[in-house]
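Residue numbers (the numbering used here): 1 to 145.
Hints were generated in silico from the structure; no laboratory data involved.
Where a beta carbon is used, it is the ideal one built from N, C-alpha and C, also for glycine.
Treat each hint with caution, since some may be false.
Only pairs whose alpha carbons sit at most 20 Å apart, straight line, appear in this in silico DMTMM-like list of lysine to aspartate or glutamate [said to hold, decoys possible]:
| id | residue 1 | residue 2 |
| --- | --- | --- |
| 1 | Lys119 | Asp89 |
| 2 | Lys121 | Asp89 |
| 3 | Lys53 | Glu85 |
| 4 | Lys141 | Asp108 |
| 5 | Lys83 | Asp111 |
| 6 | Lys121 | Asp136 |
| 7 | Lys125 | Asp89 |
| 8 | Lys81 | Asp136 |
| 9 | Lys122 | Asp111 |
| 10 | Lys83 | Asp138 |
| 11 | Lys125 | Glu85 |
| 12 | Lys83 | Glu48 |
| 13 | Lys125 | Asp108 |
| 14 | Lys125 | Glu48 |
| 15 | Lys121 | Asp138 |
| 16 | Lys53 | Glu112 |
| 17 | Lys121 | Asp111 |
| 18 | Lys44 | Asp108 |
| 19 | Lys81 | Asp138 |
| 20 | Lys122 | Glu112 |
| 21 | Lys53 | Asp138 |
| 22 | Lys44 | Glu112 |
Cβ pair distances, simulated, as ranges [said to hold, decoys possible]:
| id | residue 1 | residue 2 | range |
| --- | --- | --- | --- |
| 23 | Asn118 | Asp138 | 21 to 29 Å |
| 24 | Pro84 | Asn42 | 18 to 26 Å |
| 25 | Asn86 | Asn43 | 14 to 22 Å |
| 26 | Asp136 | Asn43 | 17 to 25 Å |
| 27 | Asn133 | Asp89 | 18 to 26 Å |
| 28 | Asn43 | Asn127 | 29 to 37 Å |
| 29 | Pro84 | Asn118 | 31 to 39 Å |
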Amino acid sequence: ELPKIEKCLSQECEDSMGDIYEFEECSSDDEDEGNFFDNSLNNKSPLEIVVYKQQFQGYWEFSSQLLSAMNINLPQSKLLKLKPENINDINAFITIICLVFLQSNYNDQQDEWKLLANKAKKWLKRNHQINFNKYDIDPIKNILS
């Protein structure tokens, strides 16, 4: 049986056998098409999909399934053009979009997502020096509308 390669934050990935592999990108737009667990999300609510898709470290990765759950119908290339210049990582940008989505659409259900939002905010601050609580979210709201 071939070792299963896990999703990763950096460009080095470790498989279940402990071997290190290097990739140009650790995820792709097509990645969610063949993933068994992602296919199980077909009948889930947008909130459930966003909650499920958060990575262990606290961020969200670009995936067409995640964007579709948030009613964002843009390919990665067009979405990248909307990314602010001060954000150099697509995962940071997607994480901000997810946080705004949760606040804008599920504010009355914060008890279901507040802890994962706090984890995402800590990840943004630790890895990208972005204080989400002071971030201007109005341009992101335009992406979501």
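Here is what the structure says about each hint:
1. Lys119 x Asp89: 17 Å, holds
2. Lys121 x Asp89: Distance ~15 Å between Lys121 and Asp89 Cα, so the pair holds.
3. Lys53 x Glu85: This hinted pair is violated, its Cα atoms lying about 25 Å apart.
4. Lys141 x Asp108: 18 Å, holds
5. Lys83 x Asp111: Answer violated: Lys83 to Asp111 is near 29 Å, above 20 Å.
6. Lys121 x Asp136: 14 Å, holds
7. Lys125 x Asp89: It holds: about 13 Å lies between the C-alpha atoms, which stays within 20 Å.
8. Lys81 x Asp136: 17 Å, holds
9. Lys122 x Asp111: Holds. Lys122 to Asp111 sits at ~18 Å (cutoff 20 Å).
10. Lys83 x Asp138: 13 Å, holds
11. Lys125 x Glu85: Holds. Lys125 to Glu85 sits at ~17 Å (cutoff 20 Å).
12. Lys83 x Glu48: Since the Cα atoms of Lys83 and Glu48 sit roughly 25 Å apart, the hinted pair is violated (cutoff 20 Å).
13. Lys125 x Asp108: Distance of about 25 Å is beyond 20 Å: violated.
14. Lys125 x Glu48: With a Cα-Cα distance of about 25 Å, the restraint between Lys125 and Glu48 is violated, given a limit of 20 Å.
15. Lys121 x Asp138: 17 Å, holds
16. Lys53 x Glu112: Distance ~14 Å between Lys53 and Glu112 Cα, so the pair holds.
17. Lys121 x Asp111: 16 Å, holds
18. Lys44 x Asp108: 19 Å, holds
19. Lys81 x Asp138: 16 Å, holds
20. Lys122 x Glu112: Holds, because 18 Å separates the two Cα atoms, which is no more than 20 Å.
21. Lys53 x Asp138: 24 Å, violated
22. Lys44 x Glu112: 15 Å, holds
23. Asn118 x Asp138: 21 to 29 Å: 22 Å, holds
24. Pro84 x Asn42: 18 to 26 Å: Because 32 Å falls outside the window, the suggested range is violated.
25. Asn86 x Asn43: 14 to 22 Å: Hint violated: Cβ distance 38 Å, outside 14 to 22 Å.
26. Asp136 x Asn43: 17 to 25 Å: Given a distance of about 35 Å, which is not inside 17 to 25 Å, the answer is violated.
27. Asn133 x Asp89: 18 to 26 Å: Because 19 Å falls inside the window, the suggested range holds.
28. Asn43 x Asn127: 29 to 37 Å: For Asn127 against Asn43, whose Cβ atoms are near 33 Å apart, the range 29 to 37 Å holds.
29. Pro84 x Asn118: 31 to 39 Å: 22 Å, violated
In this structure, the hints that do not hold are numbers 3, 5, 12, 13, 14, 21, 24, 25, 26 and 29, in rising order.
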